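Protein sequence lines, in the order shown, are assigned to chains A and B.
Residue 96 in numbering that gives the first Met the number 0 sits at position 97 of the first sequence, with consecutive numbering throughout.
Residue 21 in numbering that gives the first Met the number 0 sits at position 22 of the second sequence, with consecutive numbering throughout.
Worth flagging that the hints you see were computed from the coordinates, not collected in a lab.
Quick caveat: nothing in here was measured; it's all calculated off a predicted structure.
All C-beta atoms in this analysis are idealised placements derived from N, C-alpha and C, irrespective of residue type, glycine included.
Among the clues, some could well be false.
[To be verified] Under the rule of at most 20 Å between Cα atoms (straight-line distance), these lysine to aspartate or glutamate pairs were calculated in the DMTMM-like manner:
id, chain 1, residue 1, chain 2, residue 2
1, B, Lys90, A, Asp13
2, A, Lys23, A, Asp35
3, B, Lys98, B, Glu2
4, B, Lys98, A, Glu88
5, A, Lys69, A, Glu82
6, A, Lys95, B, Glu44
7, A, Lys89, A, Asp53
8, A, Lys95, B, Glu16
9, B, Lys47, A, Asp53
10, B, Lys47, A, Asp13
11, A, Lys98, B, Glu30
[Stated by the list, open to error] Residues from chain A shown here face chain B by an in silico Cβ test under 7 Å; the list is partial:
id, residue
12, Leu20
13, Ile21
14, Gly54
15, Glu58
16, Leu100
17, Arg103
18, Leu104
[To be verified] Partial pick of chain A residues on the chain B-facing surface, computed with a CB cut under 8 Å:
id, residue
19, Ile16
20, Val40
21, Met51
These are the residues of each chain, in order.
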Amino acid sequence: MPLENRRSIRRGDDLMIRSELIEKIAEENPHLYQRDVERIVNTVFESIIDAMADGNRVELRGFGAFSVKKRDARVGRNPRTGEAVQVDEKHVPFFKTGKLLRDRLNGYEGT
Amino acid sequence: MSEKTLTRMDLAEAVHEEVGLSRNESADLVESVLQHMSDALVRGENVKISSFGTFSIRDKAARMGRNPKTGEEVPISPRRVLSFRPSHLMKDRVAHGNKG
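Build out the structure end to end from the sequences listed, making use of the hints.
Structural data, given as structure tokens:
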């Protein structure tokens with residue numbers, strides 16, 4: 000499909016959820032119990048969150064990198080009242096897409 | 000706190016410890032998780048992992064950009080970008096874990 004037509008695609012129902020991911024991996028690994036596949040998939044995501052909660056980065060070449068960004072304290076405003084409010088410094092999760100995945104999303108399948 | 004960078008190997012090690020599979024097989028399974036997520040995204044599917052976050056594909060329209068060095072106008076072709084929206088659980092754990 001030409002790239003310029005992609006913008007109009009509706010993909011509201013095109014969604015993969017955790018249980019479908021587990022199902023696919025279970026199908027490919029019939030020697031594993033389903034509950035072990037669940038533990039494996041959950042461990043992957045848990046480990047990424049644990050790492051970020053400890054202030055670490057998780058770099059998954061080709062897929063992307065998860066890191067923690069610091070947001071400085073600032074004076075915000077209550078949008079309803081216009082009143083100034085102090086917003087404390089905080090840390091937020093951040094994901095940067097890897098080059099290989101970014102290229103694949105745009106139709107370059109080369110390695 | 001000194002910042003570390005974890006890789007696939009560390010995730011495989013966690014799977015090895017949690018489930019007791021060999022390190023090799025654990026590494027293959029970690030790869031498989033990433034591969035299935037990537038394939039779904041490339042097919043144009045969003046990937047929603049409850050209590051982790053949502054990866055979604057957005058289409059960016061073509062626009063004119065500018066070479067910041069030369070000032071020359073250059074067309075930027077339409078492209079697909081991936082954005083990640085962390086779950087509340089992830090945001091809370093990252094905020095609390097990095098406090099102070």
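With chain B as the partner, please determine if Leu104(A) meets the hint condition of a C-beta pair closer than 7 Å.
With a closest approach of 4 Å, the Leu104(A) hint holds.
Against chain B, with CB atoms and a cut of 7 Å, does the hint on Arg103(A) hold up?
holds (5 Å)
Measure nothing beyond the straight line between the CA atoms of Lys47(B) and Asp53(A); if it is 20 Å or shorter, mark the hint as holding.
Violated, at about 24 Å.
Does Lys47(B) pair with Asp13(A) here, judged by a C-alpha cut-off of 20 Å?
holds (11 Å)
Hey, does the Leu20(A) contact hint survive, CB to chain B under 7 Å?
holds (6 Å)
Agreement of hint Met51(A) with chain B interface, Cβ distance less than 8 Å:
holds (5 Å)
Holds or violated: Lys89(A) to Asp53(A), with C-alpha atoms at most 20 Å apart
Distance of about 14 Å is within 20 Å: holds.
Would you settle whether the hint for Leu100(A) is holds or violated, based on the nearest Cβ-Cβ distance to chain B being less than 7 Å?
Leu100(A) check passes; min Cβ-Cβ to chain B is 5 Å, inside 7 Å.
Distance restraint between Lys23(A) and Asp35(A), which requires alpha-carbon spacing of 20 Å or less:
Holds, at about 13 Å.
So, Gly54(A) near chain B? Judge it on the closest CB pair being under 7 Å.
holds (5 Å)
Given the hinted pair Lys98(B) and Glu88(A), is their alpha-carbon gap at most 20 Å?
holds (9 Å)
Are the Cα positions of Lys98(B) and Glu2(B) separated by 20 Å at most?
holds (15 Å)
Of the hints listed earlier, those the structure fails to meet are numbers 1, 5, 8, 9, 13, in rising order.
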